[in-house]
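Chemist: The chain contents come next:
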Amino acid sequence: MIEKNLEEYKGIAIYAQQVDGKLSNIALELLGKARELANDLDDKTVTAVLIGENVGGLTDELAKYGADRVVVIDDPELKDYRTEPYTQALAGYINEFKPEIVLVGATAIGRDLGPRTSARVETGLTADCTVLEIGDFPLVAAPGTEQKHKQLLMTRPAFGGNTIATIACPDHRPQMATVRPGVMQKIAPIADAKAEVVNWKPALDKNNCYVEIEKVVKEVSNVADIAEAKILVSGGRGVGSAENFKLLDDLAEVLHGTVSCSRAVVDNGWKPKELQVGQTGKTVRPHVYFAIGISGAIQHVAGMEESDIIIAINKDETAPIFDVADYGIVGDLNKIVPLLTDKIKTALASKNA
Amino acid sequence: MFKIVVCVKQVPDTAGGVKFKADGTLDRGAMLAIMNPDDKAGLEAALRIKEKDPENVKVTLLTMGLPKAEDVLIEGIAMGADDALLVTDRVLGGADTWATSSTIAGALKNMEYDLIITGRQAIDGDTAQVGPQIAEHLAIPTISYAKEINCDTVNKTVEVKRIFDDGYMMVKAQLPALVTCLAELNEPRYMTPGRIFYALDHKDELITVWGRANLDVDDSNIGLKGSPTKIAKASDKVAKGKGTTVTPESPTDAADYILNVLTDKHVI
Amino acid sequence: MDFQLDKKHTMAQSLFKDFAEKEVKPLAIDTDETEEFPRVTVDKMAKNGFLGIAIPEQYGGQGCDPLTYVMCVEELAKVCGTTSVIVSAHSSLCCDPILHYGTEEQKQKYLVPLAKGEKLGAFGLTEPGAGTDAQGVQTKAVLSEDGKEWILNGSKCFITNGKEADVYIIIAYTDVVETKRGKQKKFTAFIVEKGTEGFTFGTKEHKMGIRGSATYELIFQDCHIPVENQLGPRGKGFPIAMGTLDGGRIGIAAQALGLAEGALDRTIAYVKERKQFGRSISAFQNTQFQLANLATEVEAAKLLVYRAAEAKRTKDRFSVEAAQAKLFAAETAMNVTTKCVQLLGGYGYIREYEVERMMRDAKITEIYEGTSEVQRMVISGDLLK
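So the protein lines, in turn, are chains A, B and C. At position 291 of the first sequence the residue is numbered 291 (this note's numbering), and the sequence of numbers has no breaks. The number in this note's numbering is simply the position in the second sequence, starting from 1, with 353 added. The number in this note's numbering is simply the position in the third sequence, starting from 1, with 621 added.
The hints are simulated quantities; they were obtained by calculation from the structure and are not laboratory data. Predicted, not measured: the structure shown is a model, and the values here were computed from it. Wrong hints could be hidden among the right ones.
[To be verified] Mimicking DSS-like on lysine-lysine, the simulated pairs with C-alpha atoms at most 25 Å apart in a straight line are:
| hint | chain 1 | residue 1 | chain 2 | residue 2 |
| --- | --- | --- | --- | --- |
| 1 | A | K4 | B | K556 |
| 2 | C | K665 | B | K374 |
| 3 | A | K271 | A | K282 |
[What the hints assert, rightly or not] Covered stretches of chain A (in silico footprint by chain B; criterion: 3 or more residues with CB under 8 Å from a CB of chain B, positions within the stretch not fixed):
| hint | stretch |
| --- | --- |
| 4 | 76-84 |
| 5 | 331-339 |
Using N, Cα and C, we set each Cβ at its ideal position, and we do this for glycine too.
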């Protein structure tokens, strides 16, 4: 790997993802995190790297959300995302401006741009980080090994989510990490913030790695696949009617979750089979599974027992669902669910205020 | 001969069967070892290209791993791949994605290929980095997140439906190139009984084993020492204990209880 | 003697298990309820080489051994009795006789597409008047004047894969000879294709079990087939039928074994979950001892079935091994599935729990391809010769 003088690398940069001239939310979330991390670094400059064509107008928004500086790399070749020209741009920025930390969104773009760029500048990359902090590596000083300070400590799930690992990149720069959308928080926008705008461009070499875009199609995905959902709000016979599922729809909406159901619900015609969880339906492993008005027959449980957190609401304390639930609440779902939905709405509102 | 190299990885079945020991800790050894699902889809894509012109297309599997990784190579041949290469050596162990991709690229530099197919990510590492990094080391184009692959083996181009978060692009590249696949790309075929027998009866001819010496790569880029990222700490998930059931006095208490759980667990 | 399966067989076994779980199991209840032949599954099995497992590669097959074929039938039977018998009847009763007794032309014309699964096979011996008493066969084949055709007249009943199959091995009598015991019919085997003029289908049987399996009456009325379709020597139809049934018995034994195993697996899972009197019913000694008995019986059946498969691979004559395997496996299947229904209690009677279907499916294994009584005749005949 190329020799670098690590001392030269200062400041924190984020890849400001934009699509069709609109900044992606992840860019603003990364700025929020970068601002927070900068507090623990010597050089507290936060730079947003903006790559595209005719994107100069986005610099103010980046400033509002925390960028001290925006480096704008603007070129017709950068109109739509392609791996090679974007890698040349971002790697070029890194080699020229030498940030000590670079954050990229773990999006369908970032998870392609990130690895190619990190390999081009010959440094390490840690994917899908859920926690980023500044600290020491090794975490505990050990005799015989140098303990480095003010390192980026990147925590991420691995092994299908069954392991949590904290990673550092002590001997190479920049330290690079990708972060999933929705994990970090953007700051409250600062109304009149202004950032230093630097228009810069590396020589873009149209080499063999350039690909041809034949067509660009924008598509909004349709029916949620319950197998993909992170939060499922599942209803059983106890919900009582198709209309009453509105209570669950509301709860799911406020949690950005998806509604699913048991077989009894499908048999009654209240919901379509695609939403059925169980032995003759789908097997799901969401992070949170709400079992509302579901008795917990073996065939249903078989389809959801691997969920991380199972929360059951049922008025019958002997219902077998309480044997598999992590948190079982005996009570009337008709009263509890709407109250819960309201409380969550309130809690989220105060969080974002 | 049009040559496709499919990079595959043997992984523990984290998606299907996480196993715990009696004390509640993760039991990696007991978990079923399978071919990574994204990679299997890549192999299926390669086999479909081969089906269109069987005499002129060759599919070779490539994996880096422990000696027992040969099981996924046998499986791949039993599905229809022509032959395979196992890269295994103690010095390669402990590698992060930079070192892994450098190692695999080191093997590819000593192979012939027109198209390289990899899975998007492995269900143990979950990084999605190795594919693009291999392409970088080989200085060839990457097209990631492929949902459809159309390969013109005569004119040596590949056309890919590349998925984005808000839609897709139809992208075309000159070969050689590297494409990373999503498991949703296709429904991989089953092995056939006859090819299982064939693969095992001719294992030694069909599977070549390479060590470090056969790779075109620098020592400084392989194994634990060649990995820029280092693990500061790691902890495994523990098996869930029994849950708790409560009977709150009022619906409001119940809603508060659940809200606390959700907040505690960082759901909201 | 190595009781461990080698890697080829364990890999093949996990292939069959994987396929059965993903492709066959989800359809099993519907197949039983609707009595519809699972054509979609048959097509998938064809694509994956399951319809020619033990047929040599030169004839379009997979080139594996009888044990591999047995494992396929077994794994399918664990989830669906109907699907397993489709493979068994096609492979043992149609492909095998053509492989062993057919001319090179017949093999190319029929065996290759059968092994590839492009065509489905069946076998017709049984008639209303001829079950265990095969001499009772009345279907007659007469050579035409110019010697270029055989003309068949008669009917067969209870034919598995009937109407769905494309190729039928039909046993008919061609001569009557005087022997010490009086007039004896001499039989010949024929290959008859669906669609041949004069070959039609009659009643579809509605059965207790393997309800998705197509069981039909075959009717021959002046059915002309080319003389090239005679299978094996004239007059040798009876030994050919018996030899074919020896192989078929191993397939049915595998089906019975799979049914027993499938029922037992479900029952073990059920008794761990089901709670009565404050604990899982698996804590009660009655449950434990019953399961111990059943599991041991199943293991014994498995060993007999696998031994029979190996005997077919290594020996010319394996009638006794096949008979013992079928006798024991079928009675085991009946006993195990019945006891499993009982262990599931009320739920054992409910169709959704599938064990009652396995019991209904198991019964036929004691009857077709030679009743248990016939198997006893074969075994004692060998002992006392």
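Chemist: Now tell me, hint by hint, if it's right for this structure.
Modeler: Comparing the hints with the structure gives:
With a CA separation close to 46 Å, the supplied pair A:K4 and B:K556 exceeds the 25 Å bound. At roughly 38 Å between alpha-carbon atoms, C:K665 and B:K374 are farther apart than 25 Å, so this suggested pair is violated. For the given pair, A:K271 sits about 14 Å from A:K282 by alpha-carbon distance, which is consistent with the 25 Å threshold. Counting residues of the stretch 76-84 of chain A whose beta-carbon sits less than 8 Å from any beta-carbon of chain B gives 5, enough to reach three: the coverage restraint holds.
With 5 residues carrying a beta carbon less than 8 Å from a beta carbon of chain B, the stretch 331-339 of chain A meets the three-residue requirement, and the given coverage holds.
Checked against the numbered hints given earlier, this structure breaks hints 1 and 2; the rest are met.
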